[in-house]
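> Sequence:
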Amino acid sequence: MNGPAIGIGASYALACDIRIATPEAYILEAFINIGLAPDGGVSWLLPRLAGTGIAYEMFFTGKPLQAADAHRLGVINRIVPAERLEEEVRDLANQLASQPRQAVAAAKRAVIHALTSTYEEAMEFESYLQEAQAASPEFAEGVQNFLARRAKK
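The sequence shown finishes on residue 1171 if you use this note's numbering, and the numbering steps up by one all the way, no holes.
Don't read these hints as lab results, they were simulated from the structure. Just so it is clear, the structure is predicted and the values come from calculations on it, not from any experiment. Check before you lean on any hint, since a few could be wrong.
[Claimed, not checked] Here are the in silico distance ranges between beta carbons for each label pair:
hint, residue 1, residue 2, range
1, A1166, G1092, 34 to 42 Å
2, G1071, S1154, 36 to 44 Å
3, L1054, L1110, 27 to 35 Å
4, Y1074, G1027, 18 to 26 Å
5, A1153, E1042, 46 to 54 Å
6, D1057, I1036, 18 to 26 Å
7, P1118, S1145, 46 to 54 Å
8, I1036, G1071, 19 to 27 Å
9, N1051, I1130, 28 to 36 Å
10, A1123, N1095, 29 to 37 Å
11, P1022, A1121, 41 to 49 Å
12, L1110, G1059, 18 to 26 Å
13, Y1137, Y1074, 21 to 29 Å
14, Y1074, Y1030, 16 to 24 Å
We treat Cβ as the ideally placed atom computed from N, Cα and C, and that holds for glycine.
Start from the sequences and build out the full structure, keeping to the hints where you can.
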């Protein structure tokens, strides 16, 4: 996020799995200012990311959430200077692209499932995902790479 994320733009930003922002960035839910209700899934996203009190305040008043506050609340993962934003995003994208895709997808599924599950249900779903991933070519390759690195030491 490099600057304001307003209305539907805020919804898109909040829908991202990882959010990086500049110090000048802010999130603004301005629908109230034109007599509309929240849109774009933000009524589901914002309370889960920032808490219901912050979401209510933003929805009812149109008050922005500044980058520093969003970072403190865990809405933004990290803040970087504007001149480094593109590099940081590119580095993160490269890191994510180098990870086993099925394992990343399984981790995301586990988190999403856990949001509406009991602890026991989440543990059971993790076991299911572990079993499925253990049978994947990604796991076999990961173990081979681990053993090769270990042998070099």
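> Confirm or reject each hint.
We went through each hint and held it up to the structure:
| no. | hint | verdict |
| --- | --- | --- |
| 1 | A1166 <-> G1092: 34 to 42 Å | holds (37 Å) |
| 2 | G1071 <-> S1154: 36 to 44 Å | holds (42 Å) |
| 3 | L1054 <-> L1110: 27 to 35 Å | holds (33 Å) |
| 4 | Y1074 <-> G1027: 18 to 26 Å | holds (20 Å) |
| 5 | A1153 <-> E1042: 46 to 54 Å | holds (47 Å) |
| 6 | D1057 <-> I1036: 18 to 26 Å | holds (23 Å) |
| 7 | P1118 <-> S1145: 46 to 54 Å | violated (19 Å) |
| 8 | I1036 <-> G1071: 19 to 27 Å | holds (24 Å) |
| 9 | N1051 <-> I1130: 28 to 36 Å | holds (32 Å) |
| 10 | A1123 <-> N1095: 29 to 37 Å | violated (19 Å) |
| 11 | P1022 <-> A1121: 41 to 49 Å | violated (35 Å) |
| 12 | L1110 <-> G1059: 18 to 26 Å | holds (23 Å) |
| 13 | Y1137 <-> Y1074: 21 to 29 Å | holds (28 Å) |
| 14 | Y1074 <-> Y1030: 16 to 24 Å | holds (21 Å) |
Checked against the numbered hints above, the structure violates hints 7, 10, 11; every other hint is satisfied.
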